[in-house]
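Please arrange chain P on chain S, whose structure you already have, making use of the hints.
Same order as they appear, the protein sequences are chains S and P.
The UniProt record's numbering puts the first residue of the first sequence at 1, with every later residue one more than the last.
The UniProt record's numbering puts the first residue of the second sequence at 1, with every later residue one more than the last.
It cannot be assumed that every hint is accurate.
[Claimed, not checked] Taking lysine-lysine and the DSS-like style, the derived pairs with C-alpha atoms no more than 25 Å apart in a straight line are: (1) Lys220(P) to Lys183(S); (2) Lys114(S) to Lys78(S); (3) Lys150(S) to Lys114(S); (4) Lys84(P) to Lys183(S); (5) Lys103(S) to Lys114(S); (6) Lys32(P) to Lys176(S); (7) Lys103(S) to Lys121(S).
[Stated by the list, open to error] Pulled a few chain P residues facing chain S out of the computed Cβ check, cut under 10 Å: (8) Ile59; (9) Phe63; (10) Thr67; (11) Thr127; (12) Arg166; (13) Asn171.
[Stated by the list, open to error] Counterexamples of contact, computed for chain S against chain P with all Cβ distances above 10 Å: (14) Glu93; (15) Glu110; (16) Pro112; (17) Phe143; (18) Ile165.
Calculated directly from the structure, the hints in this document are not laboratory data.
C-beta atoms are modelled at their ideal positions from N, C-alpha and C, and glycine is treated no differently.
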Amino acid sequence: MHGTFNAIGFLTRTRRPGRIDVTDILSWLWLIGGTLAVLVPVVWAGLSSLKPEAEITRFPPTLLPRAAVQVEVQGFDKPLSLWNVSVDGETREMAMVRRIGLKAQMVDPENPGKPISVDTKSISPVQRLTVATENYTDPLTRFNFLTFLKNSVFVTVVATLLTLIVNALAAFALSKYRFRGDKAIFVLIISTLMIPLTVVMVPAYLVIVGVGLVDNLWGVIIPTVASPTGVFLLRQYMLTIPEELIEAARVDAASEFRIFWRIVLPLTAPALAVLAIFSVLWRWNDFLWPLIVLSSRENFTLQVGLNAFQGEFSVQWHYILAMTFLSLVPVTLVFLFLQRYITTGIAGTGMK
Amino acid sequence: MIRSTGLADRALDLAMAFVEAPINAVERLIGKRRMPYLFLAPNLVLFGIFTFLPIAIAIGYAFTGGTELLISNRPFVGLDNFRKLLSCTDYLTPGSCGESLFWTAIWNTLWFVGFNVVATLLVALITALILNRAIAARGFFRAMFFYPVLLSPVVIGLIWKWFLDRNGLLNAFLQMLGVPPEIFLLDVGWSRFFVVVVSVWFHMGFYTLILLAGLQAIPKDLYEAAAIDAATPSRTLFRITLPLLGPNLLVVLILLMIRSVQIFDEAWVLTNGGGPGTANTFLVQYIYQTAFAGDLRLFGLAAAASVLMGLVLLVLTLAQLRLGKKVES
Chain S
1 MHGTFNAIGF
11 LTRTRRPGRI
21 DVTDILSWLW
31 LIGGTLAVLV
41 PVVWAGLSSL
51 KPEAEITRFP
61 PTLLPRAAVQ
71 VEVQGFDKPL
81 SLWNVSVDGE
91 TREMAMVRRI
101 GLKAQMVDPE
111 NPGKPISVDT
121 KSISPVQRLT
131 VATENYTDPL
141 TRFNFLTFLK
151 NSVFVTVVAT
161 LLTLIVNALA
171 AFALSKYRFR
181 GDKAIFVLII
191 STLMIPLTVV
201 MVPAYLVIVG
211 VGLVDNLWGV
221 IIPTVASPTG
231 VFLLRQYMLT
241 IPEELIEAAR
251 VDAASEFRIF
261 WRIVLPLTAP
271 ALAVLAIFSV
281 LWRWNDFLWP
291 LIVLSSRENF
301 TLQVGLNAFQ
311 GEFSVQWHYI
321 LAMTFLSLVP
331 VTLVFLFLQR
341 YITTGIAGTG
351 MK
Chain P
1 MIRSTGLADR
11 ALDLAMAFVE
21 APINAVERLI
31 GKRRMPYLFL
41 APNLVLFGIF
51 TFLPIAIAIG
61 YAFTGGTELL
71 ISNRPFVGLD
81 NFRKLLSCTD
91 YLTPGSCGES
101 LFWTAIWNTL
111 WFVGFNVVAT
121 LLVALITALI
131 LNRAIAARGF
141 FRAMFFYPVL
151 LSPVVIGLIW
161 KWFLDRNGLL
171 NAFLQMLGVP
181 PEIFLLDVGW
191 SRFFVVVVSV
201 WFHMGFYTLI
211 LLAGLQAIPK
221 DLYEAAAIDA
231 ATPSRTLFRI
241 TLPLLGPNLL
251 VVLILLMIRS
261 VQIFDEAWVL
271 TNGGGPGTAN
281 TFLVQYIYQT
291 AFAGDLRLFG
301 LAAAASVLMG
311 LVLLVLTLAQ
321 LRLGKKVES
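This is chain S alone, in the form it adopts within the complex (with noise of 0.2 Å):
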């Protein structure tokens, strides 16, 4: 983006220099619209998951985590809860002791004497800002989370480096050679790309179930491996390649697949690096074949933990929106230092 930043320039600058037009204005209300409608509902559950359970359904909502808070006061068994009292024109936190009907019963938690009784019309809760760490921790230690995170990075990892190998061997094969049948099989690979997954998903699960990878992580793995759009974006790239490059290899009596190691991958990294974002983003977000695959909670991945999650707890909200954030975290850190180059890879290939 911008080296310098100039916040009246930012503000000020059109289309014709020196006049504001009605288009602009529209266009700064349409692009901060949109800003605020990606913004609201992330950030808003963002501050939801670290709210109390007690707190995170009240209604209408606060923006910011806040709890009733409890104090331990001498004489008394359990922890009470703190009040703003009104007495005699000033007001005072106190702690309730009981409540019967219209009175309230409060003692000063420093001093705690004899209760004295308050119309439970002149208080209000005193509430603090409190951060539901615990939220994010229960999760890590009480349900799977980690084995799901163990899973969706172990399926993300592997099936990355599978792929970018796989499709860089075939676009290789494809680029670099003449072969017979070469047109033909690249026509037939490309010719998937036109085929959803959707369509193939019954017969693919029995495949699975055949090859014995059924509620495995290999199973969720191993089909996705072989992409057409990866081939496709990695042999336009080797295409551009010199062939005398690969020549001289030959000269020096290398072997074809030392020219593919030493020569052709090294040379491939720009389109090998947008393969891998993508492939991480395909593999960390996929959920439909991993809900078919897997079956058994230890195998799944984070994204089927989650929906599992959601439907076995449905009113845990504090812990479904707190995992949901930690399963967001990684894709928008790769979004922040890789954005230029998932854009412009998309821009460039149109894919997804």
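Frame of chain S; chain P shown alone:
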């Protein structure tokens, strides 16, 4: 590039020697000319097993019945599955059909595709046109609109479910305006509306990017010529921008249609699996439920529905290719 100084590099070299040796041995055995087949083998084997074989099986399964998994144990039923799916006394009322859920899903999907394609295309086009202007912080806004594209459908479903909750932010905002709270996802009309909203929210950034790439390829001197002729902005838009954006618009339209037909993940999470009732049960969900979720695993029926869906998608893709050639010429 070819450096082998560090310890890690030397370790990698050693590992590579182990991989390289057998492959080089094969090369000596079969000769250099046949090596490309070896390089293609892993890819083609995987394609064969997990793409082409399933297509063949899908077609085979569509003609069998029963609930057995192995095709040899399944009775051949001819066109029964297709007959069951397609028999209707009145195609407009799913209740009159042999497989009423299938037709509910078809009508839901058609409605969704219609609204979603129009809404996404409009929003993406407007955004692309605005981002193509000399507006400040363009990169920032482009990134902002694009961000949801990268999120997982499950996460998006959950975030929006929370936003639309009875105690959610939208209801709080409406209450400030004096509107009574609404349980959006339990209302048929609202839930359908928000499935489209969420889908637009999720995907528009992707299509914006494709359209933006097209807009930036339009030669600037065309606009200068239009300015000299004092053409109105709307005339410039309809006479220059949109016609020259034609190929990109077409790609976006077809991709959008194909992907809308395949709606599943975010709708499944957002609506708790198609609710309220069957208001948001779409085709892919019907196939998934028929094959995997029910007590009876009706693979034959699901495969027949998949084959029908595949045919529709094939027609859409072929239409794209035909239209694409027309636009180019």
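**Report entry** Violating hint indices (sorted, rising)
**Finding:** Result: hints 1, 3, 4, 9, 10, 18 break, sorted rising.
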